[in-house]
Amino acid sequence: MSQKGWVKPDFAKGSEGYTHSTKKQCSSKSHMYDSARVKQSTESTECTSTPVNSSELVVQKKKVAEVKHWLEQAFSKSQQGQFLLLTGPPGCGKYQTLSVLCKELNIEILAWEEPIKHFEASEWEYEQYNPHHYREPKQKDVNFYDHLEEFLERANRFSTLKMKDAKGSVAHNSNMRKILLIKEFPPMIFKNLERWHNILLKYSHRTRTPAVFILTSTKAFNSTQLKLFPTVLSERLMMSTVNFTGLANTFVLKALQRVSLKSKQATPPEVIEGIVGSCNGDLRSALNAMHWITTSNVNVKKPPAYSKKRKLASVEKKDSLNTMYVRDGSLDFMHAIGKILHSKRLDQVQGSLPELPKHLLEEFRLPLKEDVNELTKNIDEASSKVLLYLHQNYPLYFNRIEDVSKAVGYLSSADSLGNQLVYKEIFDEWSLLTGVRGLLFSNTSVNGNEVAFKGSAWRPLRKPDYYSVLQQQQELHMHVQDGYGLKSTSGQLNYHQFQVSQSTDFSANVVDSVNSNGKKDRDEDADIIIEDYDD
Amino acid sequence: MSLWVDKYRPNTLAKLDFHLEQGERLQKMVTKGNFPHLLIYGPPGAGKKTRVSALLRELYGPGVEKLRMEHQNFTTPSNKKIEVMTVASNYHIEVNPNDAGIYDRIVIQEMIKNIAQAQQLDIGGQREFKVVILTEVDKLTKDAQHALRRTMEKYMTTCRLILCANSTSKIIAPLQSRCLAIRVPAPSQDDIIKVLQMVSKKEGITLPADFAIRLAERSERNLRRALLMLEACKVQQYPFSVKQEIVEPDWEVYLRETGQKMVSEQSPKALLEVRGRIYELLSHCIAPEMIIKKLLKEILKNCDGQLKAEVTSMAAYYEHRLCLGSKVIFHIEAFVAKFMAIYKRFLEDSFANMM
Amino acid sequence: MDSFLKTGKLSNQSKGSGVPLLPGNVEEKKHSLIPWVEKYRPRTIDEVSYQEEVVAVLQKSLQGADLPNLLFYGPPGTGKTSTILAAARDLFGDIYKDRVLELNASDERGIQVVREKVKIFSQRTVSSVRPDGKQCPPFKIVILDEADSMTGAAQAALRRTMEKETKSTRFCLICNYVSRIIEPLTSRCSKFRFKPLPREILVKRLEHICIAENMSCSEEVLESLIEASEGDLRRAITFLQSIANLNSEACPTIEDIYEITGRVPSCWIEGLLEKCTSGSYDAMQSFINNFSAEGFSVSQLLNQLHERIVFSTELSSKQKNVICEKLAICDHRLAEGADEQLQLLDLSCTIMNSFQ
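Chains as they are written, first to last, in full-length UniProt numbering: chain V, 1 to 535; chain E, 1 to 355; chain B, 1 to 356.
So that you can see chain V by itself, here it is in the shape it has in the complex:
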């Protein structure tokens, strides 16, 4: 029943996100870069750029070497069950590294895929007749683990596993070495983690085929990894772990340049730079962005582009171009944040401003260069997110603590305003305006009065720490809840326990606030990417 899911992965098939795309599957018939190029019109740049050998990989050499070493020793030793876990942020080339290395070492990859439809044949047909047939989630649940187990069983049982390939064209070399690859961890897996662990353990005892897990981590502190592979388990499995890091911008740049050279249309270098700047180490998204620009903006002419390059220093002028290569508008967003923090005031005003009474003279400000209402209107993000970004970064733009205290007072008011349940839209708008205008007003060190902070003008905008703090709180909360029952019965007493019980004591009070915060912010995108923004 589960045969459907057995697919032998093609090397040209890029990345996690697209594994199910049918378009991808037909286009991925071409294994080689050259043939892919011919078909370029139907493929994304991503495919054309697949590296063919390990030297072309833009991943850190050390990581490649580590993986290679593991692969080699996995087949040299006759130990049972070898496991490798690859982790890293999205688009840093985990899978590519593995696939390229496997190809070089002549190893076949058997990838497990999440069964989308796993019905008996009859059911399958029935489904075709009746597209609205409702599937019982429970049945799916059961099938899910069965499917996984069966897959592992089979891989184990037959020394040469005959793949059911739809085309049946690929001849299998029975001597070919193979590894198992699991790179999808569907949410269902968390429903019965114990079973998943048992499956792994069972597998480790019975098989000799090495297995590789690829886990995309998005956060610094990753709970998924701990859940799927708790320390105890990975110790028992003797699992090796290789952590990939996000690609450095220079690597991405190199890769993009190479792809750009190979492809028919050359992409202007400054566009590439822009993409590199906005992709945040995610090569895949960078490639996608480039592909999008080259296809949709075929007429990116060189002369205007060059003229723009000269003006790159000016923030405002960059706007027009960057809309082309920003991935999700976040660069735009960062620009707006930058503008608010970097507020400029006019040096002088035409005509005379109304005189302020004496006691208010301290509050005198020259008019702003920017129209604040216009600026805030153009920010598409939720106001609470804008406020968080502003809050994270504003102190660097202030010189006097008095100004800071005023500014953060406004932020506090803005947050209180934005937390209303009724008339949310109206309050959100006012909250944003209060925050933004408050910041602009409080900062008296603008227009060259700025003494650069610590002598450096480089003030990258940073992602709010708020998100990671929130996540840690939730994790700790969960941990505390789990440990709640054990607390009073646990045997060993040590100082740590003292701390734990103390913290439970107080965290019990926090539970409420964590909950409510979590609720309020769940709608905000938690996966905000760190953007380094050069001003």
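In case anyone wonders, no lab produced these hints; they're calculated from the structure.
A few of these clues could be false.
Here are the computed lysine-lysine pairs in the DSS-like style, where the Cα-Cα straight-line distance is at most 30 Å [unchecked claim]:
#1 E/81 with V/385
#2 E/154 with B/117
#3 B/97 with B/117
#4 V/369 with V/385
#5 V/385 with E/142
#6 E/80 with V/424
#7 E/234 with E/294
#8 E/139 with E/154
#9 E/28 with B/39
#10 V/339 with E/269
#11 V/463 with E/261
Interface residues of chain B toward chain E, partial, derived using beta-carbon atoms under 10 Å [what the hints assert, rightly or not]:
#12 241
#13 277
#14 297
#15 332
#16 347
Listed below are several chain B residues computed to face chain E (Cβ distance under 7 Å; list not exhaustive) [stated by the list, open to error]:
#17 238
#18 242
#19 245
#20 278
#21 287
#22 291
#23 293
#24 333
#25 336
#26 337
#27 343
#28 346
By construction, the Cβ of each residue, glycine as well, lies at the ideal position given by its N, Cα and C atoms.
Starting from the known structure of chain V, arrange chains E and B on it as the hints suggest.
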């Protein structure tokens, strides 16, 4: 072996260490058989839970001590599933409705309905009602509190509620009037010293009187804290010396250092540093109001009279903001920044006066 | 309303024999569950104390005069609900359950619900003869308790209903603040203000209950009970029952009253003021820490402090002004969930400053 706090928890009303008269009255109430809804309130570490569990034992005998943990599921009208953990015996069930967040009303209504409607199987049992213990009632939404008063009347015959709270300020009046309110004041220092001595005697360790007094002073009249500190001190160094450092939770030490930082430097940079530290505390689930309170306590040491009043009112103002807003860091940071500005001005003024 | 009807039924049973019968153990247990507030509600309008004006009108309607729509207002615990319920019982006797619809704030009371419920109820026709053959007025009574918590829209919706059903239904609106009832509604009702009950009447009533419940209570204790319940008879009776629950044998003391009512003993209030005048912040802080450790409610303290400040002789109007403003602010913050200790500290600082 368990923590001393749990090990030496009195399990009957007769064995209570302090508030003896109150204990007697509770016992009388149980023996008399008319047992109204109770609202037990008092500061943390005063022994509310101890009294509740002793009361339960008094009501049902040792059977209530067979506890089991259960996860109960509730479905909200919007079809969201909530899971709440409960601790229950055959006779009672304990739940913290705040685990359900804003859905606490549903949890309360559903759970009490389920319990009240299920007939007690054990007909020979002494009581015809079960007990539902709700903790942290003062954190309940107003909605849930209003729902509770209807529920209380409706199921009076089959179940009794024991509500636990830190203070009655946040409990609506109709709810208070439906319950017999029992105030559990924090133990006095003498009470704490007595208990500390008693525990050390049972553990077979000697506790110098001076050290006991110091422990009691540092405990802020919180018995749980006192016992935990005693135990931690024992682990750290035994036999006790009078001069021995009292082990405090590390987050309190950390907060104290943070307060000192605020006093020592007032600049945007220092603010950023303090922010980092506050984030660190928040991510360890230290309650934000606790942070403000402890910071206030620390920085007040460096202020003179007029400044103290000003800083206190700042703290009260921004602590209130915590309840209004959703991002606690904004408000704590606002407090920190305001203090820095005020304090800087104060320093400059006093410097100018000296000239 | 459920509980009300239930107790109404129970008390009806016991009414026949005059003295509550206690046939068995079970009955007794059930009996102890009845709140005394219900148990000692006046059964007839003659029993209603002190509100002569409204009693006179209701008595006239008992003798056959038409009953207007009524609006009762006044502070809590002055007998508004009791009066109309007693009147209904007098008017309808045993069929009173069918003739009265009581809706209060804890019931669903949106516009739609009020319309539906009232409509269905008021459309049933009623005869002017009771099943037992006696005469009774040919209308029904709808009691809207706590009407001031109804939304303006719901009140407006009521306006039309009141006029339409005037033939067969009388409305009785009960509220604390008449200003929260919209003008068109008040103009359709005859308004009766319930005066706060004077001390003697409260004492008499409580003594009556004490005797009926076989409790011994000194005059002094009753006095302080009344003070703690701020003239609200219902609260006083509830407190009395709580005291009886907690210790029935011994004679309750004033400390018991404080304990039950959650009232802060006046030594704490005086102590706080004294610490404030002393001008030492640290002394005040440790005093407040001790206060919170005792577990008293700060909002209760604020109420009592307010009383103390307003009627104090040693403070100037300007000082009172400053302090009361801060009191209001702190009370508001507390209501929104702020920390008790900090707010009390803040308030005390203000008081301290005003003394300097």
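Quiz item: Does residue 333 of chain B pass the interface check with chain E, least Cβ-Cβ distance below 7 Å?
Solution: 4 Å, holds
Self-check item: 30 Å limit on alpha-carbon distance, applied to hinted pair residue 97 of chain B and residue 117 of chain B
Solution: 15 Å, holds
Quiz item: Holds or violated: residue 336 of chain B as interface residue toward chain E, Cβ cutoff 7 Å?
Solution: Because about 5 Å separates residue 336 of chain B from the closest Cβ in chain E, which is inside the 7 Å limit, the hint holds.
Quiz item: Holds or violated: is there a CB of chain E closer than 10 Å to the CB of residue 332 of chain B?
Solution: 9 Å, holds
Quiz item: Is the hint on residue 278 of chain B kept, meaning its closest Cβ partner in chain E is under 7 Å away?
Solution: This hint is violated: residue 278 of chain B lies away from chain E, its Cβ roughly 12 Å from the closest one there, beyond 7 Å.
Self-check item: Restraint check for residue 369 of chain V with residue 385 of chain V, where alpha carbons must lie at most 30 Å apart
Solution: This hinted pair holds, its Cα atoms lying about 24 Å apart.
Quiz item: Keeping to a limit of 30 Å between CA atoms, is the pair of residue 28 of chain E and residue 39 of chain B held or broken?
Solution: 24 Å, holds
Self-check item: 30 Å limit on alpha-carbon distance, applied to hinted pair residue 463 of chain V and residue 261 of chain E
Solution: Judged against 30 Å, a Cα distance of about 25 Å means the pair holds.
Quiz prompt | Residue hint residue 343 of chain B, partner chain E, criterion CB-CB below 7 Å | solution = 5 Å, holds
Exercise. Assess, step by step, whether the Cα of residue 80 of chain E is no farther than 30 Å from the Cα of residue 424 of chain V, and give holds or violated.
Key: With a Cα-Cα distance of about 22 Å, the restraint between residue 80 of chain E and residue 424 of chain V holds, given a limit of 30 Å.
Practice problem: Go through the hint on residue 337 of chain B and say holds or violated, using the shortest Cβ distance to chain E against 7 Å. | Solution: At 4 Å from the nearest chain E Cβ, residue 337 of chain B passes the 7 Å test, so the hint holds.
Practice problem: Using 7 Å as the Cβ threshold, decide whether residue 242 of chain B counts as touching chain E. | Solution: 5 Å, holds
Going down the numbered hints, you'll see the structure goes against 13, 20, 21 and 22, while the others check out.
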